[in-house]
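Following the hints, put chain B in place on chain A, whose structure we already have.
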Amino acid sequence: MSGEQAGAAVEVLAQPEFRDEPGTVRELLLGTWRGRIGLAVVGIFVFMAVFGKAIAPYNPDASSLDVLAPPNIHHLLGTTENGSDVLSQVLVGARVSIIVGFAAAAISAVLGSAVGLVGGYFGGWTDRGLDALENWFLVIPTLPLMIVLARILSPSLTVLIVVIGLTSWAGTGRIVRAQVLTLRERAFVERARALGAGDGYIIRKHILPNTLPLIFANTVLIVAVAILSEAALSFLGLGDPTRISWGTMLENAFESGAPSAQAWWYVIPPGLCITVLVLAVSMLGYLFEEHVNPRLRENR
Amino acid sequence: MSALLEVEGLRVTYRGDPIVDGVDFSLTPGEAVGLAGESGCGKTTTALALMKLLPSSLKQSGVITLRPPEVSEPINIGKRTEAGMRLVRWRHVSLVFQGAMNSLDPVQRVDAQIAEAIRLHESVSGKEVRERIAELLATVGLTPALGHRYAHQLSGGQRQRMMIALALACRPSLVIADEPTTALDVVIQAQVLQLLERLRERLGLALILISHDLGVLAETCDRIAIMYAGRIVEIGQVSSVFDAPQHPYTKRLLDSLPLIGGRRGLGDPIPGGPPDPGEMPDGCRFRPAARTPPSGVCLIRPCARRPRATARRVTSRPGRSGRPPRPRRRWAHDLGR
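Keeping their order, the protein sequence lines are chains A and B. Following our numbering from start to finish, the first sequence increments by one per residue and tops out at 380. Following our numbering from start to finish, the second sequence increments by one per residue and tops out at 347.
In isolation and in its complexed conformation, chain A is listed as follows (with noise of 0.2 angstroms):
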């Protein structure tokens, strides 16, 4: 085409310029409404988890003698039933939400996509076997499975995650096997069979970087589904005891009958948190389900 490879000993063949794709991960989040907000949502609660200590306005342990007071000028959020700062308490307890999510999130990736690979690369018993223990977690219902490991293990954060984590991998797992199904017979796969690769090696550079937009999304949608948990777990009180966040903050609210005392100021804002961050992060989730499943896609 053009004249820079005229001198070619062989010739060379048309080389029209390609785009890159469209929908790659940043257009995704910076290119549609729901990746924007999602996006700028979770920004904020991610700022707070960092630097909701530095910017809370009194120690979120503090007592003092203002004891449930409505929303005023040196409370904006009102305070507990111990007078402590509700606003601080929010700000400090969106670090706790946003590591157990995260990590427990992360867990759950890679026991789900180990289980995934392993099973459907290597097939026959390896399969059952792994198939039979995803069933096992899918069955059985996660939160009387949580309560119970939580009650077992002393309360910590690391529990909060380990517990969570363990108990949230099985649909990755499901997900990613299917998957590595279909991928392990694909021509590259045989053709890295041919290259002298070795199974792990296959699994590694093939199969599992195929595998990762499923994954990914897929984990998008469980941090979600762990954030729930650390507030369900901490407001059944089984949360770390020594650390606030919004599930523990509504165990003490209902406690200490903030409700009845319409002490709505205590109440909403960790809720209101929990359920906007859960939002925000399905829906990231949910677009990059989208993103990787086109059977769930209505227009584009």
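Watch out, some of these pointers could steer you wrong.
Said to hold, decoys possible - In silico contact screen, one side only, chain B against chain A (beta carbon under 7 angstroms); selected entries:
1. L63
2. R99
3. W100
4. L105
5. G109
6. V117
7. A127
8. L130
Said to hold, decoys possible - Where chain B lies over chain A, by a calculated footprint (3+ residues, C-beta under 8 angstroms):
9. 264–277
10. 282–291
To be verified - FRET-style restraints, in silico, Cβ to Cβ:
11. Y281(A) with D195(B): 32 to 42 angstroms
12. P339(A) with R119(B): 50 to 60 angstroms
13. V105(A) with T91(B): 35 to 45 angstroms
Simulated from the structure, these hints should not be mistaken for lab results. Computed from a predicted structure; not experimentally measured. Glycine included, each C-beta is placed from N, C-alpha and C at the ideal position.
Below, chain B alone, put in the same frame as chain A:
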């Protein structure tokens, strides 16, 4: 010259039914042998068996000996373990796959896939790998910039060239090309074939070219082997097989081809398909009713397993021979030149 590859009594079975049933042939260094035959006669299975790449449900037996010039000891492929085969694959024998699109990983840039082949067999520096990739791409007529693309960003011809560059990555002495030009248009087809031929001359590659396109094989190969129902029914120099086919199946196969410049109309197809491996007829495999050869030709005798070791071999010889040679055909492919 001693043979680069010797295949003796290669058998591949699926639950005891033969898919490939006693194939033997040999290949000298730098020689191109074509493997022809209709779909389902065992061409690809034979090729994969040479590299022991068959799925575990297929069992293979027979002796395959490879004597690459750079290795002193002959390699007995039949006896190699999976780990041992990994050292042979691509280093000594490489494959050009049928669909280039599907044979390239969609999420990896193509040059990374060539680098992968080199790194699996040699420990070389990143700089050297890059140089070799640029060299390989130049060899197949592609610019290094194309290496940074993904498979879907290349045209069909570019992809197939990429596959050839990939096949050459470890400088093997034998390349097996399984339908390398299928699904390419005639112009690209001609380019790819020309490239293969030039590379063969330049690098002294031996080539096993699998195709059901007899024209392609006539263009590229020194010798041609006609496969039918898991066996090689006729093998010989391209010109002699095409001009004076001995086996009735070869004749019928050649008759199926439309002739450019000849009488208008389709060729004379062979009805039906090859016998199912599970229901191989006793005696001659060409016999089943649907595929009865022209009358007067005896095909009832069992196929001779070991035909005479002449330049060309024919199994299940017809009753009469010595028909005058046919006029040289003009293959559709000649037009590409």
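* Hold the hint about A127(B) up to the distance rule: shortest CB distance to chain A must be less than 7 angstroms. => holds, 5 angstroms
**Message:** Checking hints one by one. Is L63(B) an interface residue toward chain A, by the C-beta closer than 7 angstroms rule?
**Reply:** Where the cut-off is 7 angstroms and the nearest Cβ of chain A is about 6 angstroms from L63(B), the hint holds.
TODO: Could you check if L130(B) really has its C-beta closer than 7 angstroms to a C-beta on chain A?
DONE: holds, 5 angstroms
Check: Per the CB criterion, is V117(B) less than 7 angstroms away from chain A?
Finding: holds, 5 angstroms
Practice task
Verify the interface restraint on W100(B): the C-beta must sit less than 7 angstroms from at least one C-beta of chain A.
Solution key: Result: holds, 5 angstroms to nearest chain A Cβ.
Close enough to count: is the Cβ of R99(B) nearer than 7 angstroms to one in chain A? Holds: closest Cβ of chain A sits about 4 angstroms from R99(B), inside 7 angstroms.
Evaluate the given range 32 to 42 angstroms for the C-beta pair formed by Y281(A) and D195(B).
holds, 35 angstroms
query: For the stretch 282–291 of chain A, does the count of residues with a C-beta closer than 8 angstroms to a C-beta of chain B reach 3?
result: holds (count 4)
Hint status (Cβ of G109(B) to nearest Cβ of chain A, threshold 7 angstroms): holds, 6 angstroms
Could you see if the CB distance from P339(A) to R119(B) stays within 50 to 60 angstroms?
Given a distance of about 59 angstroms, which is inside 50 to 60 angstroms, the answer is holds.
- prompt: Is it true that V105(A) and T91(B) lie within 35 to 45 angstroms of each other by Cβ?
  reply: holds, 43 angstroms
Min Cβ distance, L105(B) to chain A: is it shorter than 7 angstroms?
At about 5 angstroms, which falls below the 7 angstroms cut-off, the nearest Cβ of chain A leaves the hint on L105(B) intact, so it holds.
The structure fails none of the hints (numbered hints given earlier).
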